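Go by the hints and put chains D, G and H onto chain F.
Protein chains in written order, with our numbering: chain F, 1 to 123; chain D, 1 to 123; chain G, 1 to 123; chain H, 1 to 123.
Certain hints may be false.
[Said to hold, decoys possible] Derived CB-CB ranges, DEER-like:
1) F/GLU65 to H/ARG24: 31 to 41 angstroms
2) G/VAL59 to D/LYS114: 18 to 28 angstroms
3) H/ARG66 to D/GLN30: 46 to 56 angstroms
4) F/GLN30 to H/ARG118: 14 to 24 angstroms
[What the hints assert, rightly or not] Under the rule of at most 27 angstroms between Cα atoms (straight-line distance), these lysine-lysine pairs were calculated in the DSSO-like manner:
5) H/LYS107 to G/LYS114
6) F/LYS88 to D/LYS114
7) F/LYS112 to D/LYS88
8) H/LYS107 to G/LYS107
9) D/LYS88 to F/LYS114
10) F/LYS100 to F/LYS114
11) H/LYS88 to H/LYS100
12) D/LYS100 to F/LYS107
13) F/LYS112 to F/LYS100
14) F/LYS88 to D/LYS100
15) H/LYS100 to H/LYS114
16) F/LYS88 to D/LYS112
17) G/LYS100 to G/LYS114
18) F/LYS88 to F/LYS100
19) H/LYS112 to G/LYS114
20) G/LYS100 to H/LYS88
21) H/LYS100 to G/LYS88
22) H/LYS100 to G/LYS112
23) D/LYS100 to D/LYS112
24) H/LYS114 to G/LYS88
25) D/LYS114 to F/LYS100
26) D/LYS88 to F/LYS100
27) G/LYS100 to G/LYS112
28) G/LYS100 to G/LYS88
29) G/LYS88 to H/LYS112
30) D/LYS114 to D/LYS100
31) H/LYS100 to H/LYS112
32) D/LYS100 to D/LYS88
Derived from the structure by calculation, the hints contain no laboratory data. Every value quoted in this text rests on a predicted model; they were computed, and no experiment measured them. By construction, the Cβ of each residue, glycine as well, lies at the ideal position given by its N, Cα and C atoms.
There are 4 protein chains.
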Amino acid sequence: MATSKEQNNGDLTRLRDAIREFTRERDWDQFHTPKNLAISVSIEAAELLEQFQWLQTGVTSELGERRLTDVRHEMADVLVYLIRLADKLDINLVASAWEKLELNRAKYPADKVKGDSRKYDEY
Amino acid sequence: MATSKEQNNGDLTRLRDAIREFTRERDWDQFHTPKNLAISVSIEAAELLEQFQWLQTGVTSELGERRLTDVRHEMADVLVYLIRLADKLDINLVASAWEKLELNRAKYPADKVKGDSRKYDEY
Amino acid sequence: MATSKEQNNGDLTRLRDAIREFTRERDWDQFHTPKNLAISVSIEAAELLEQFQWLQTGVTSELGERRLTDVRHEMADVLVYLIRLADKLDINLVASAWEKLELNRAKYPADKVKGDSRKYDEY
Amino acid sequence: MATSKEQNNGDLTRLRDAIREFTRERDWDQFHTPKNLAISVSIEAAELLEQFQWLQTGVTSELGERRLTDVRHEMADVLVYLIRLADKLDINLVASAWEKLELNRAKYPADKVKGDSRKYDEY
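Chain F on its own, in the form it takes in the complex (with noise of 0.2 angstroms):
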């Protein structure tokens, strides 16, 4: 029978399962430390970034065929060090979204934010 979590997982505990193997196969996991995986997700974070450097807003019209593959790829391997991080840290990335969309309601009531992008801070 499968667990709570992937019954509340599952696209990405079959991603997380796959890229298991393949770092297995490699023999990675011992460069795999959380503190790594966090500098991977954030480098690939700004590769994401730098297909809109340019740009005035990325749109689809404004990216091109090209670049939004290119964008595609870069989103993925965010996600793939995203869920790496989370398997070795045992966390459930799906739950903690769902929570933090909680806490956010919390913090940003949609009556005192309403078309306002400052920070909660600076209310």
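Only chains D, G and H this time, still in chain F's reference frame:
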């Protein structure tokens, strides 16, 4: 009937919808250009990294309970912005991750890179 | 007669002028909004970090000759965009660094934080 | 007599010495591996970027007085860690920036790239 996208991407689809609702209630869609969302992914990734800044490896015993919770929330922030960006660009995150894993399998053949962390372009 | 700004900031002033000229010759000033330059600082910082991604500590003996040159060039890229951003916002970088050092002296009193890397807000 | 390094690098040399002293007084040198300092540059760069996250262009009139001060301090933080990293790796930051500017002149010939922000590798 569910679309193939939703069948492949159940948990993230539900999160995507909740994030859409969260954004709509606050009238924040106007700020969510793809470029601003890519910036946000990068900022949240750095906040995640900050948790590991002065640690040796960041394993759970070194992180401690309180910092592990912070890590979980920062990872959630990265995922939430990643999902939001994918939504704005009509990208299927999970499918992209599978595709990128395939590309990485070809780029880093297990028998060539075993136990070696050098980047592909150094070979 | 040199302005006080130039007297305090000789080397960076000369670099600033050369970067201005470099930008003007390429008609790139139109892309150099402060926001785009802050993005660029962040991207270059991540390229710098990438050089250390899988290393233990990154001391020169571990870096090696070739990678040390890459590190030097990535650091230069960060500095160049930082100088360019300071130019666009009319900020004196060197004076700001002295000011921040003073603030940090007050925030982290030597006798309280000695040998301890925890952030100020954890005290 | 001053060394050629100090002659070329007056302001940053004085800052470097003050940062050394600041670090020594707090016994923080033990945390300042090149890898940790590169991480710190990246984190501070993201905090700088955060100031511009939801702005249009970040020109001074859009930034406002208070945020401009924050920007100045975040830029200082990036510079301070950059100087500290250069110190640990015995790199002359100013000389490296001049060298990189020369390389960029060759990589992006003014007559070829005028008014065009595409990266070199797209040509």
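Status of each hint after checking the structure:
no.	hint	result
1	F/GLU65 to H/ARG24: 31 to 41 angstroms	violated, 55 angstroms
2	G/VAL59 to D/LYS114: 18 to 28 angstroms	holds, 26 angstroms
3	H/ARG66 to D/GLN30: 46 to 56 angstroms	violated, 23 angstroms
4	F/GLN30 to H/ARG118: 14 to 24 angstroms	violated, 39 angstroms
5	H/LYS107 to G/LYS114	violated, 46 angstroms
6	F/LYS88 to D/LYS114	holds, 20 angstroms
7	F/LYS112 to D/LYS88	holds, 25 angstroms
8	H/LYS107 to G/LYS107	violated, 44 angstroms
9	D/LYS88 to F/LYS114	holds, 20 angstroms
10	F/LYS100 to F/LYS114	holds, 19 angstroms
11	H/LYS88 to H/LYS100	holds, 20 angstroms
12	D/LYS100 to F/LYS107	violated, 36 angstroms
13	F/LYS112 to F/LYS100	holds, 19 angstroms
14	F/LYS88 to D/LYS100	holds, 21 angstroms
15	H/LYS100 to H/LYS114	holds, 19 angstroms
16	F/LYS88 to D/LYS112	holds, 25 angstroms
17	G/LYS100 to G/LYS114	holds, 19 angstroms
18	F/LYS88 to F/LYS100	holds, 20 angstroms
19	H/LYS112 to G/LYS114	violated, 54 angstroms
20	G/LYS100 to H/LYS88	holds, 21 angstroms
21	H/LYS100 to G/LYS88	holds, 21 angstroms
22	H/LYS100 to G/LYS112	violated, 41 angstroms
23	D/LYS100 to D/LYS112	holds, 19 angstroms
24	H/LYS114 to G/LYS88	holds, 20 angstroms
25	D/LYS114 to F/LYS100	violated, 38 angstroms
26	D/LYS88 to F/LYS100	holds, 21 angstroms
27	G/LYS100 to G/LYS112	holds, 19 angstroms
28	G/LYS100 to G/LYS88	holds, 20 angstroms
29	G/LYS88 to H/LYS112	holds, 25 angstroms
30	D/LYS114 to D/LYS100	holds, 19 angstroms
31	H/LYS100 to H/LYS112	holds, 19 angstroms
32	D/LYS100 to D/LYS88	holds, 20 angstroms
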